[in-house]
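Participant: One letter stands for each residue in the lines below.
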Amino acid sequence: MAKYFDMLMEDVRMREGLKACMNCGVCTAICPAAEFYDYDPRQIVETVQSRDDERIEELLRSDTIWYCGQCMSCRPRCPRGNTPGYIIQCLRLLSQRLGFFVESEKGRQQLAIKRTIGENILRTGYCLVPRKILPEMHPEQGPVWRWVFNNDRDVYALFTPTYRQEGAGPVRKIDEQTLEEIHRIFEVSGGKELFDCIEHYSDQKACEMGYGGATREYMMDTFTKNSAEEL
Amino acid sequence: MKRSNWEEYQKSIADDKYYYARSCIRQNFFPGSEKAFLDIMQRDLGKEVFDDPLHTSCTGIGYHSDIVPLETIMTVVARQFALMNEAGYENFISSCITSFGIYTELLSTWEEFPETEERTRENLYKATGREFVKPKNLAHTSDIMFHHRHAIAERMTRPLINVNTGEPLRVVEHIGCHYAKIFPKKGIGGSEFPYVLAGMIEAWGGEVVDYPERRHCCGFGFRNYLVQANRGYSVANSQKKLESMAPYKPDFIVCNCPGCAMFLDKWQYTVAEMEGITYGRGGRGIPVLTYEEMAGLVLGYDPWKLGMQMHQVDVEPLLDKMGVEYDPSAKYLGPNGKYIGKPEPAIVNHRSQRNLYSIKL
Numbered sequence: 076m077a078k079y080f081d082m083l084m085e086d087v088r089m090r091e092g093l094k095a096c097m098n099c100g101v102c103t104a105i106c107p108a109a110e111f112y113d114y115d116p117r118q119i120v121e122t123v124q125s126r127d128d129e130r131i132e133e134l135l136r137s138d139t140i141w142y143c144g145q146c147m148s149c150r151p152r153c154p155r156g157n158t159p160g161y162i163i164q165c166l167r168l169l170s171q172r173l174g175f176f177v178e179s180e181k182g183r184q185q186l187a188i189k190r191t192i193g194e195n196i197l198r199t200g201y202c203l204v205p206r207k208i209l210p211e212m213h214p215e216q217g218p219v220w221r222w223v224f225n226n227d228r229d230v231y232a233l234f235t236p237t238y239r240q241e242g243a244g245p246v247r248k249i250d251e252q253t254l255e256e257i258h259r260i261f262e263v264s265g266g267k268e269l270f271d272c273i274e275h276y277s278d279q280k281a282c283e284m285g286y287g288g289a290t291r292e293y294m295m296d297t298f299t300k301n302s303a304e305e306l
Numbered sequence: 048m049k050r051s052n053w054e055e056y057q058k059s060i061a062d063d064k065y066y067y068a069r070s071c072i073r074q075n076f077f078p079g080s081e082k083a084f085l086d087i088m089q090r091d092l093g094k095e096v097f098d099d100p101l102h103t104s105c106t107g108i109g110y111h112s113d114i115v116p117l118e119t120i121m122t123v124v125a126r127q128f129a130l131m132n133e134a135g136y137e138n139f140i141s142s143c144i145t146s147f148g149i150y151t152e153l154l155s156t157w158e159e160f161p162e163t164e165e166r167t168r169e170n171l172y173k174a175t176g177r178e179f180v181k182p183k184n185l186a187h188t189s190d191i192m193f194h195h196r197h198a199i200a201e202r203m204t205r206p207l208i209n210v211n212t213g214e215p216l217r218v219v220e221h222i223g224c225h226y227a228k229i230f231p232k233k234g235i236g237g238s239e240f241p242y243v244l245a246g247m248i249e250a251w252g253g254e255v256v257d258y259p260e261r262r263h264c265c266g267f268g269f270r271n272y273l274v275q276a277n278r279g280y281s282v283a284n285s286q287k288k289l290e291s292m293a294p295y296k297p298d299f300i301v302c303n304c305p306g307c308a309m310f311l312d313k314w315q316y317t318v319a320e321m322e323g324i325t326y327g328r329g330g331r332g333i334p335v336l337t338y339e340e341m342a343g344l345v346l347g348y349d350p351w352k353l354g355m356q357m358h359q360v361d362v363e364p365l366l367d368k369m370g371v372e373y374d375p376s377a378k379y380l381g382p383n384g385k386y387i388g389k390p391e392p393a394i395v396n397h398r399s400q401r402n403l404y405s406i407k408l
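Quick note, the sequences are listed as chains W and S, same order.
Going left to right, the first sequence walks through residues 76 to 306 as our numbering numbers them.
Going left to right, the second sequence walks through residues 48 to 408 as our numbering numbers them.
If you are wondering where the hints come from, they were derived from the structure by calculation, not from laboratory data.
Errors might be hidden in some of the hints.
[Said to hold, decoys possible] Straight-line alpha carbon distances no greater than 20 Å define the calculated EDC-like cross-link-like pairs of lysine to aspartate or glutamate that follow: (1) Lys385(S) - Asp227(W); (2) Lys389(S) - Asp81(W); (3) Lys181(S) - Glu214(S); (4) Lys58(S) - Glu239(S); (5) Lys173(S) - Asp278(W); (6) Lys296(S) - Asp349(S); (7) Lys352(S) - Glu292(W); (8) Lys173(S) - Glu159(S); (9) Lys232(S) - Glu159(S); (10) Lys267(W) - Asp278(W); (11) Lys287(S) - Glu110(W); (12) Lys352(S) - Asp278(W); (13) Lys389(S) - Asp227(W); (14) Lys173(S) - Asp227(W); (15) Lys368(S) - Glu214(S); (16) Lys368(S) - Glu391(S); (17) Lys248(W) - Asp99(S).
All of these numbers come straight from a predicted model, not from anything done at the bench.
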């Protein structure tokens, strides 16, 4: 049986990203995530290539697949034309579709990303907007960002007449018809379905963990807690 | 491997008539850079660039953090192309490296797996009633700046020269992973011998600094920055680059990708606050510029009109080396000279006691 492998191969990125891996480890040598985490893209490719359902399911339920930073440094270096970064994208998508992502701490963070970046896209048409980069959530942004945030209308007015208003220019307000088109695109192409799937499995897991559902408290815990730091 | 092996890594870049797609990160953190790009192209060089209010994010940050599926981003991108067609343009230029990587990847995927293009056309029509023709030419906005670098050099008023020593300024350039690592042949010089920024630096009088971790990621890592619990990954990777470049004593860093520019700037602040370490000369951070800011400075633009007051690492040490005349008291003023307060001081700008040089050199 190779049901997970077959499911993965339905994604064109698998066909592009997995030829035949000889396990040389060049991807791991160049990988920024492998330097920072206990992470080894070579082993991931080897596991997927084994077609072993048990091993692949273990991967789909693990923190491991969520460490990759998607820099794609592995892609130009592989002597066999594989792209571990693409394989990771397919594993993550399958992990979410099957609800396995909630079984790992790093996987559960998908709810926080959906509720920040995902909802920004649907509400504003952008992945991020200044009013959503809250200084208390982003202490690393420093005092200059705090000053920009606190004076946003004046600061952006230096560079554009259309800050949060319709018309051409940076950080403009995107018109309602355009946002409607983006919503419809998400509906017809599976984006909305993935958002709902993340919410559904997160809610189930949050109940199981005693949160009473995928509340803001649960979401913030996925966003801020790192058990590796508590060790 | 010889550099000549990579000479094939050139690309065709359109000379005029561009459809401009803005960047989520650049417009947030460097709105003056996007303005400068348009001003330089339209006013200084007389090029036609269309700034369309109807386009949106490509959703690339969502795609690479795995909440936006491939079919969805394909359809959003197809909509951008449809808007370009409707506006009467064929040359699509993106102000974002993540987007540039996305556009490149999707065009290639459509070529290799035509059924995905067909499905995208169906999805786009169903969702919006629009149809699209693929761009004749796709480029990142830095490719456009590179393409016109000699015309900019002809108008240059402040070359990248240290006015105190007469020596070229030493510049670290960072092209950003998604510019050339995904499709090396779509980036000038590929991912091994990146030349898009180096070409500008050389044309404008500076000297490119080579250093061991030149090709290392800035550390963004998508979900590794987006989720607060993971940000150790992001700062650690930036720190690795900064430690590698510092012994070469760069006068500034210039970035291709808006995310990289923001991270290499903000993580210097964070490292200074957490560990008291700075990487530039005199106990300060290394200024980090966008290529639009670099072009604006050599063309004589006012640094505050370029938005350089929005950086966390002060740029004044660089401005002084270049002989830029600027009004220090105007740095943090709002429109029409309105006083709007100013940021709190930070260690990265105020002579840290623990400079990397005193530790390692």
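Participant: Against each hint, give a clear statement of whether it holds in the structure.
Facilitator: Status of each hint after checking the structure:
Restraint check for Lys385(S) and Asp227(W): satisfied, since their Cα atoms lie roughly 13 Å apart, inside the 20 Å limit. A C-alpha spacing of about 58 Å is found between Lys389(S) and Asp81(W), which places the hinted pair above 20 Å, so the restraint is violated. Restraint check for Lys181(S) and Glu214(S): the C-alpha separation of about 46 Å exceeds 20 Å, so the hint is violated. Between the alpha carbons of Lys58(S) and Glu239(S) the distance comes to roughly 15 Å, so the proposed pair stays at or under 20 Å and holds.
Taking the CA atoms of Lys173(S) and Asp278(W), the gap is about 31 Å. The hint is violated against a cut of 20 Å. With a C-alpha separation of about 26 Å, the suggested pairing of Lys296(S) with Asp349(S) is violated against the 20 Å cut-off. As the CA atoms of Lys352(S) and Glu292(W) are separated by approximately 42 Å, the hinted pair breaks the 20 Å bound. At most 20 Å may separate the alpha-carbon atoms for a hinted pair to count; Lys173(S) and Glu159(S) exceed this at roughly 24 Å.
For the suggested pair Lys232(S) and Glu159(S), the alpha carbons sit about 16 Å apart, so the restraint of at most 20 Å is met. Distance hint between Lys267(W) and Asp278(W) is fulfilled; the C-alpha atoms sit about 16 Å from each other, no more than 20 Å. For the hint linking Lys287(S) to Glu110(W), the alpha-carbon distance of about 10 Å falls within 20 Å, and the restraint holds. Simply put, Lys352(S) and Asp278(W) have alpha-carbon atoms about 48 Å apart, too far for the 20 Å limit, and the pair is violated.
Between the alpha carbons of Lys389(S) and Asp227(W) the distance comes to roughly 13 Å, so the proposed pair stays at or under 20 Å and holds. For the suggested pair Lys173(S) and Asp227(W), the alpha carbons sit about 38 Å apart, so the restraint of at most 20 Å is broken. The straight-line distance between the Cα atoms of Lys368(S) and Glu214(S) is roughly 10 Å, inside the 20 Å bound, and the hint therefore holds. In summary, the hint linking Lys368(S) to Glu391(S) is not supported, as the alpha carbons are separated by about 25 Å, beyond the 20 Å threshold.
A distance of roughly 13 Å separates the Cα atoms of Lys248(W) and Asp99(S); the hinted pair therefore holds under the 20 Å criterion.
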